[in-house]
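One letter stands for each residue in the lines below.
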Amino acid sequence: MIEWFTWLQLAIAVPGGLLCVILGLAGRKPTDLSMGATALVELLLIVQLAAAIAAPLAGNHATGNLLEFYTYLISAIALPVVAGFWALVERSRWSTVILGVSSLSVAVMVYRMNQIWNVQGS
Amino acid sequence: MTKSETTESAPSRRVSGIGRLLIAVYGVLALAATGRSFVQIASEFVDAPLAYSLSALAAVVYIVATVALIKRSPRWYRIAWITISFELLGVLVVGTLSLVDPALFQHKTVWSVFGRGYGFVPLVLPLLGMWWLRRHPVSVVAGRALPEGRA
Numbered sequence: 004m005i006e007w008f009t010w011l012q013l014a015i016a017v018p019g020g021l022l023c024v025i026l027g028l029a030g031r032k033p034t035d036l037s038m039g040a041t042a043l044v045e046l047l048l049i050v051q052l053a054a055a056i057a058a059p060l061a062g063n064h065a066t067g068n069l070l071e072f073y074t075y076l077i078s079a080i081a082l083p084v085v086a087g088f089w090a091l092v093e094r095s096r097w098s099t100v101i102l103g104v105s106s107l108s109v110a111v112m113v114y115r116m117n118q119i120w121n122v123q124g125s
Numbered sequence: 013m014t015k016s017e018t019t020e021s022a023p024s025r026r027v028s029g030i031g032r033l034l035i036a037v038y039g040v041l042a043l044a045a046t047g048r049s050f051v052q053i054a055s056e057f058v059d060a061p062l063a064y065s066l067s068a069l070a071a072v073v074y075i076v077a078t079v080a081l082i083k084r085s086p087r088w089y090r091i092a093w094i095t096i097s098f099e100l101l102g103v104l105v106v107g108t109l110s111l112v113d114p115a116l117f118q119h120k121t122v123w124s125v126f127g128r129g130y131g132f133v134p135l136v137l138p139l140l141g142m143w144w145l146r147r148h149p150v151s152v153v154a155g156r157a158l159p160e161g162r163a
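One line per chain: the protein sequences are S and Y, in this order.
Those letters in the first sequence? Residues 4 to 125, by the working numbering.
Those letters in the second sequence? Residues 13 to 163, by the working numbering.
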């Protein structure tokens with residue numbers, strides 16, 4: 004796991020998530036903007052997965068429990084997909100809020116993943 | 013049943029408005045609890061069988077509660093009340109015990125310290141769930157249209 008990339012993920016997932024929550028509460032249905040923000044969060048997670056698989060080969064090993072790390076990562080990858088499908092099926096303002104909630108949940112999980120990988124023992 | 017009755021009871025069959033958000037958050041929490049208990053049981057179950065069994069139980073209850081909120085029928089409505097009450101009880105009892113006697117819950121569960129590890133969502137969510145269930149009773153509307161025996 005590459006630390007600066009993790010911060011980049013957070014820098015996109017947190018504002019993106021908040022934006023979707025605000026847009027949704029303001030009554031907007033899912034749009035290219037809210038769906039795009041969610042898709043970007045998902046894309047970065049896929050890159051993170053590739054990085055996590057490749058990093059140990061470059062000598063960058065996880066300091067914590069690798070099983071826990073991958074449970075978080077796989078769950079995080081599933082979230083925006085489910086929220087995105089929900090938004091496609093159910094075109095209401097609450098779907099936009101749910102897109103935001105999924106991105107914010109991903110942010111929390113990425114933060115925990117960073118702790119597991121980079122901060123010993125947590 | 014007349015046509016107007018059908019259209020009247022139809023909305024109660026579908027989860028509407030903010031209820032969808034509640035279901036989504038429940039889904040996320042169910043996922044989080046399941047993931048955590050999976051890791052705990054897979055890697056270090058013998059360390060704390062009690063705490064980890066509790067994690068697994070909590071995870072199952074969250075999954076059932078999520079399903080119960082999606083399925084709008086009198087029976088699932090009752091299951092939703094039972095599971096959500098159980099969650100509230102769990103977070104209050106385990107939360108209190110984890111503060112009063114930390115030795116009992118050295119290993120984290122979803123409910124330790126009132127769900128602090130999850131931003132206190134496990135404490136707030138059952139209350140929101142109960143509020144929502146009270147606002148959207150199924151048994152009253154759907155129960156009349158579909159008596160218990162036929163439902």
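There's no promise every hint is true.
[Claimed, not checked] Interface residues of chain Y toward chain S, partial, derived using beta-carbon atoms under 7 Å: (1) ARG32; (2) LEU33; (3) ALA36; (4) VAL40; (5) LEU43; (6) GLY47; (7) ILE53; (8) HIS148.
[Said to hold, decoys possible] Computed list of lysine to aspartate or glutamate pairs in DMTMM-like fashion (alpha-carbon distance at most 25 Å, straight line): (9) LYS120(Y) <-> GLU93(S); (10) LYS32(S) <-> GLU71(S); (11) LYS83(Y) <-> GLU71(S); (12) LYS120(Y) <-> ASP59(Y).
Hints were generated in silico from the structure; no laboratory data involved.
All figures in this text were calculated on a predicted structure; none of them were measured in a lab.
Ideal Cβ placement from N, Cα and C applies to all residues, glycine included.
Against the structure, the hints:
{"no.": "1", "hint": "ARG32", "result": "4 Å, holds"}
{"no.": "2", "hint": "LEU33", "result": "5 Å, holds"}
{"no.": "3", "hint": "ALA36", "result": "4 Å, holds"}
{"no.": "4", "hint": "VAL40", "result": "5 Å, holds"}
{"no.": "5", "hint": "LEU43", "result": "5 Å, holds"}
{"no.": "6", "hint": "GLY47", "result": "5 Å, holds"}
{"no.": "7", "hint": "ILE53", "result": "11 Å, violated"}
{"no.": "8", "hint": "HIS148", "result": "14 Å, violated"}
{"no.": "9", "hint": "LYS120(Y) <-> GLU93(S)", "result": "36 Å, violated"}
{"no.": "10", "hint": "LYS32(S) <-> GLU71(S)", "result": "35 Å, violated"}
{"no.": "11", "hint": "LYS83(Y) <-> GLU71(S)", "result": "31 Å, violated"}
{"no.": "12", "hint": "LYS120(Y) <-> ASP59(Y)", "result": "12 Å, holds"}
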